[in-house]
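For the record, the sequence lines run as chains A and B.
Just so we're aligned, residue 1 is where the first sequence starts under the UniProt record's numbering, counting upward by one.
Just so we're aligned, residue 1 is where the second sequence starts under the UniProt record's numbering, counting upward by one.
Any given hint could be a false lead.
[Unchecked claim] No farther apart than 20 Å at their CA atoms in a straight line, the calculated lysine to any residue pairs in the SDA-like style are these:
#1 Lys10/B x Asp88/A
#2 Lys118/B x Leu126/A
#3 Lys323/A x Thr312/A
#4 Lys6/B x Ser261/A
#5 Lys113/B x Asp154/B
#6 Lys10/B x Asn90/A
#7 Lys178/A x Lys194/A
What the hints contain is simulated information worked out from the structure, not anything from laboratory work.
Given the structure is predicted, the values throughout are model-derived calculations rather than measurements.
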Amino acid sequence: MPPPNTPRRSSSVDSAAQSHLDYLDLDLGEAVPNIPTSAYSLSPSAPRQQHLHLGVDRQPGGSLNRLPEPNLPHTVDFRGLNYADTVDENLLCPICRVPMVEPVDTACDHTFCKDCITEAFKYSNLCPIDRFSLTNTDLHKAHKIVTNQLDALLVLCPCCTSPVPRAMILNHLERYCKDALVRCPGQACRDTVKRKLYGRGCLHYDVSCPDCNMIMQQLEMADHRERDCQERLKDCSHCGDVILRCKEDGHLEKCQYVPASCEWAEYGCDYESRRKDLAEHADVCAFKFVGPMATILKKEINNLRSEVRTLTEKDHIKERRIKFLEGGFGGQRDTDRPLDYADLPSQSLSNLADSSHADPLDSGHEYLLSLVEAQETKVDRLSAGMTELEAKQTMMLFNETIQIKNELAEMRSSQQVLSMHVRWLLNFRRQENQRRFGAGPSSGGGTDGGGSSHDMPFPRRLSDTMNRDLVTKL
Amino acid sequence: MASSQKRITKELAEVTSDPPVGIKVSLVDESNVHNWNVILDGPPDSPYAVCLLSHTSSSLANSKLIQGGKFKLLLVLPTEYPFKPPVINFKTRVYHPNITFDDKGSMCIGILKAEAWKPSSKILSVLTATQQLLSEPVPDDALESAIAEKFKSDRKDFNAEAKKYTKQYATGK
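Chain A on its own, in the form it takes in the complex:
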């Protein structure tokens, strides 16, 4: 069997119609128990072509098959659905007499279910209403207004019987219906379970009924104990009524014949009798007046207690804040002094005095606020001073560097003058040498050439090194 979410498409119209008719009879039998009507089925293998007319753009492999865990794809036989209201005669298919499923228009302007008219064509190619000659190609999807009306029809969900618009029924079953089947949450369990029971974990294990000892799955136990169990009924030992065993606890809480203690037992009344007799006792109980009073007082005390608790908490928080602020205050003053901002605290204190004088009730808050304000102004002043200092520093630095720069420029120029001198001297000397040795380059070329080539780099090297030295010195 393919995984339940595998996309499937029906290949041709004919096979789709045929398979549709097949799965009308689809009997899931043991595989899916407790299916209320045959109109509904889990469909691991049934074709999904029913979706096409729904106006929901569900493509094979698209959103349709991306149901979040643990939802299962469902199939609904739209012809088997029960409608919440009587459906307008005009929306019924003339062939199958139920509200049309996948309506198509014929060339002669009649509307039928797609499957019905396809089926009719197997017998004759005449329109089932006016016997107009038709072919398969004369069929067109019915007008949107028809499909919309059909989609809006309220159908009763085959599982939970709540009315749902027909177009939403699959979505309802697959995602929301409390009675629809979903995958069992059990890790190894491959069974299905109603959605409303999903939260209770895998219920597919055998237990024995506490009433009749019959062994069955936990899943069916609740139903069994309520409806099927042979031993499900029991006579209440107090009132004699016939009750369900599984509801015994609930009954005992209400049963009028169960012994119960007086309403005011907790305040000291020790009267006990059957529940129905308590009303009589209530009139004569000594605690008749004290009881309600005590209840009110108890409530009041509880309220006050919780109030006190919150207030104490608040107080703690405030105390901590005051301590923190005072600490910060003292520390701040120490760092202020060298910067001559020591006058600030006195200012804030005077503020405090003023405010406390003006509004004594809020003095605590005022005090804290003034402290905060003082701190803020202090911080402002500090930052202003910082900026000023920074400006001064920059100016000083600037002045200093200008001198250095000037000197540097001076030195550079003198260096250049010097190097010019040196170059002039070197040139002069080279010319001298050339004049001295280069008079007859043809006669003594061998030795002179070597000599000149030997001499030439020397002054150059000299000038180079001089230059380098100058640069490094500068």
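Please arrange chain B on chain A, whose structure you already have, making use of the hints.
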């Protein structure tokens, strides 16, 4: 086929819950929706109604005294329904030009002819058409030509014959 069964069940429910005047429908066999027993009352203004009190007082005004003859019909719906027409046979003998005067009681009615049948026709309309046929025979399309001839030539005699046979066969006994 399931879809045809569904439609038949639906139509059966319609006919039984809100039966038209003079038509009673039941299933031959509860487990098979394809075979219907139909009791058709002869229309009061036709020779297929019988007067209960006396033979002479044929006043139509006093319609309470007149009771339609009870005609038993067997309606068989083919498995191909609604694509194939249902078949109706009169189990009660009827003296009528369009119904064979024998045990079979075949009926000739336009709506049920294979080439004239439309899947959109309902059983209810077939039954009312049958009722209509009793009041208005179609002698030009007769199965019993002798009866048709009598119907055309001597209406009085035809009525008397029809009444006689109705009394003989269709008093619901």
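Hints, verified against the model:
1. For a cut-off of 20 Å, the pair hint linking Lys10/B to Asp88/A stands: about 15 Å separates their Cα positions.
2. A C-alpha spacing of about 9 Å is found between Lys118/B and Leu126/A, which places the hinted pair at or below 20 Å, so the restraint holds.
3. Under the criterion of a C-alpha separation no larger than 20 Å, the hint pairing Lys323/A with Thr312/A is consistent with the structure, at around 17 Å.
4. With a C-alpha separation of about 62 Å, the suggested pair Lys6/B and Ser261/A falls outside the 20 Å cut-off, and the hint is violated.
5. At roughly 29 Å between alpha-carbon atoms, Lys113/B and Asp154/B are farther apart than 20 Å, so this suggested pair is violated.
6. Pair hint Lys10/B plus Asn90/A holds up; C-alpha atoms about 16 Å apart against a cutoff of 20 Å.
7. As the CA atoms of Lys178/A and Lys194/A are separated by approximately 7 Å, the hinted pair is consistent with the 20 Å bound.
Violation of the numbered hints given earlier is confined to hints 4, 5; the remaining hints are satisfied by the structure.
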